[in-house]
Amino acid sequence: MLKLILRRIIVALPTLIILSMIIFGLQRMLPGDPIQTMMAEESDPQVVEFLREKYRLNDPLPMQYLAWVGNVLQGDFGSSLRTGIPVTEMILQKLPITVQLATMAMIMALLIGIPAGILAAVHKNSAIDYTANAVALSGMSVPNFWLGIILIMVFAVSWKILPASGYVPITQDFWLSIKSMLMPAFVLSTAVAAYLMRHTRSAMLSVLSSDYIRTARAKGLLSNAVIIRHALRNALMPIVTLATLLFGDLLAGAVLTEQIFVIPGFGKLIVDAVFTRDYAVVQGVVLFTAIGFIAMNILADVLYIVINPRLRHPQ
Amino acid sequence: MKKLVLSAMLAGLMGATAVSAADLNVALQDDPDILDPHRGNTFVGRMVFGPLCDALFDIDTSLNIVPRLVADWAWSEGDTVLTMNLRPDALFHDGTPVNGEAVKANLERALNLPESNRKAELASIESIEVLSDTQVAITLKAPDAAFLANLTDRAGMMVSPASFETAGEGGLVCAGPYKFVERIQNDRIVMEKFADHWDADNYHFDQVIYRPIPDTTVRLANLQSGDLDIIERPAPNDMATIQGDSNLVFDIVTGLGFYGVNFNLGNGERSQSPINQDKRLREALNLTIDRDVLNDVLGMGTYPPAYQPFSTASWAYNPEFDGGERDIERAKALMAEAGHETVSFEILYANNSAMQSLFELVQAMASEAGFNITLRPTEFAAYVDEREAGNFEVSQFGASGRIDPDGNFHRYLACGSAGNVGNYCNDELTDLLNKARVINDVEERKALYDQAQQIAAEDLPALYFYYTPRTWAYSAKLDGFVAYADGVLRLAGLKPKQ
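Those protein sequence lines, which keep their order, are chains A and B.
What the first sequence shows, in full-length UniProt numbering, is residues 1 to 315, in sequence order.
What the second sequence shows, in full-length UniProt numbering, is residues 1 to 498, in sequence order.
Using C-beta positions, here's what the derived DEER-type ranges look like:
1. B:E360 - A:L4: 56 to 64 Å
2. B:P377 - A:L13: 35 to 43 Å
3. B:A354 - A:L4: 50 to 58 Å
4. A:N58 - B:Q356: 34 to 42 Å
5. B:Q272 - A:L26: 30 to 38 Å
6. A:R233 - B:Q356: 52 to 60 Å
7. B:Q277 - A:M29: 31 to 39 Å
8. B:N202 - A:L66: 49 to 57 Å
9. A:L26 - B:N372: 30 to 38 Å
10. B:A354 - A:L182: 30 to 38 Å
11. B:N202 - A:K160: 29 to 37 Å
12. A:R28 - B:A354: 27 to 35 Å
13. B:D199 - A:K160: 30 to 38 Å
Cross-link-like lysine-lysine pairs, in silico, DSSO-like; alpha carbons within 30 Å at most:
14. A:K179 - A:K160
15. B:K495 - A:K160
16. A:K179 - B:K193
For the record, the hints were derived by calculation from the structure and aren't laboratory data.
By construction, the Cβ of each residue, glycine as well, lies at the ideal position given by its N, Cα and C atoms.
Build the full structure now, drawing on both the sequences and the hints.
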């Protein structure tokens, strides 16, 4: 197992190097100058020139890239041009927030999506199936900003049972923290739950029509045992892949949801940084989330082995 | 490094602060930039500096300059030496006194720090002399009419010299009624009452929390739910909702800033297009714009029509330059006189919904006289770049406004000024604006600005459409809220209703 993880990490290294070049290069291809953008109304040519030198913006691009990579390898992601806050500090400030939001959203999505998918598959072409499909379709198509604002209006403005926005650290007040994240996590979970439901349904349908399930049924096993122990376990493989990828997505941040619920996560951080051409922040945060995404992929591989014993002893 | 990481992680985990009755929650439209008054660039940054950093001077609601850290002051004969007596009881948040040495150190920092954005505001300083612990004399190279006004804002804010190295990144140590507690980017800036402030009795909240919430609907929803006490800049179309809610109060004063367009009169090839070459065409365009419609449709009545760089809040405002009804026939006649039946040009602007609606209206109005306007909405950073590079014919023009009229006029229209992206240059006008800079007498200055306005009204290097209102919505449970034309919130006297 450890060997497998190590091998996957080594394979991921070239990906990371290429990725770092892309992250760096794409930023520089955008029109607009970070210093001019930051100064806007107040621009003073002398200060602009000083800052360009300070942040090495006058150096040739390859030199800038190497300097950045060199610093990153030493654990220094640089500082925000706009606020002066070190990027590492920003990431560490936002990491617990994003992880909590993504985890809560994922748990909700799993709790809604997988049972709904199983029910829809077992009761194929019944009212349950159609309802589950209709709900899934709306989950995918309802825009997050609309659903978010409606939820705020109902639960925070009218009923006043949940806070309208904001983030309370889980270490400070556990229940208030969970409460403040309920609406944004639910909004985020709708689309994820819908994907999970659709995939669970189709995976279950193909497994349920296979020979060994018919055999299991013929042997007189209880219906629930067949579905949970025999069918679901095999159907889970593609769902695990999807779920880990979707979780990676959630960790990369959710701009609109964060904006509506005023949650200081990765999504808004990156978008703001792109708009202000705050290079160090964009590069640092994107690289960090890319590493997170690769870690999720490795996790998916590990989970395959846990779920499917056949993969433990490759031929 | 490890320590830093650990403390950063703790800061992140312990982030938000419990809400109590004595907290004041204020929503800002954006997250401020660096929290150092000498280096900051943003308007929302000024909002946050308000309670954190006392300046040497302040303004009252009529824009008069009033004492703050300075108890009283006097100008020498010839207006070149300013002698200031400091309050003896003002302290920085680290307990050190705001004395003559600290004032000198701050002004020198604002002048000499390579990243300082206050250099232009203090450029007239020749020398600073500490006469005693509470007395400082500043000698200017020449009289500078805007000097005191500049000292009411960031250029006059005092940072504890002990924290010069860490200001901004490591938390700000100033001398305001509230001291910095923590900042979580995009989430909150928390400050708590500074008990040793010289005017502490006038500040009634234990904690003040500024939260950046860019979306106007979300800002309002948070105010309605009681999570916020004050929001700045509510959307004009939410005004009716706020006014119809007995728990909320809507407040508006005319601000000092403006929106309009400026023309590329000398910055590269695109200054050669007809609209930039012939002022009759610009006059014709001006005649097609109905400012009252802009006010009604876009601002729901909150966008006062503008025809000049000075809003009605400024002493330099002159009603004689206002007016000019919409007159399509006269516009067409002017175009014919210039030899054009139709005139095409492009307007460059920063892509946001407010500017989009504004220029769509302008496009529609101007088309009635035969103007064929192409709209080029551009993402902000690229927009700034295009303007600097002269890659525009006509561009969005806006300023957040300064207390002294100089900041609304000279910076944008004097030859070679930093904000003059269209490279308009009229020596006579520049001369008048330069003269107005070195006279302290208001009447004399106003006469100079009137003459300068006359020239600008003939050359038309820019058109003004509306003055930016300073709007607020706040909880009816608050007492003592006062709005200022500079848009900065002042917390003195603000308290929960008994």
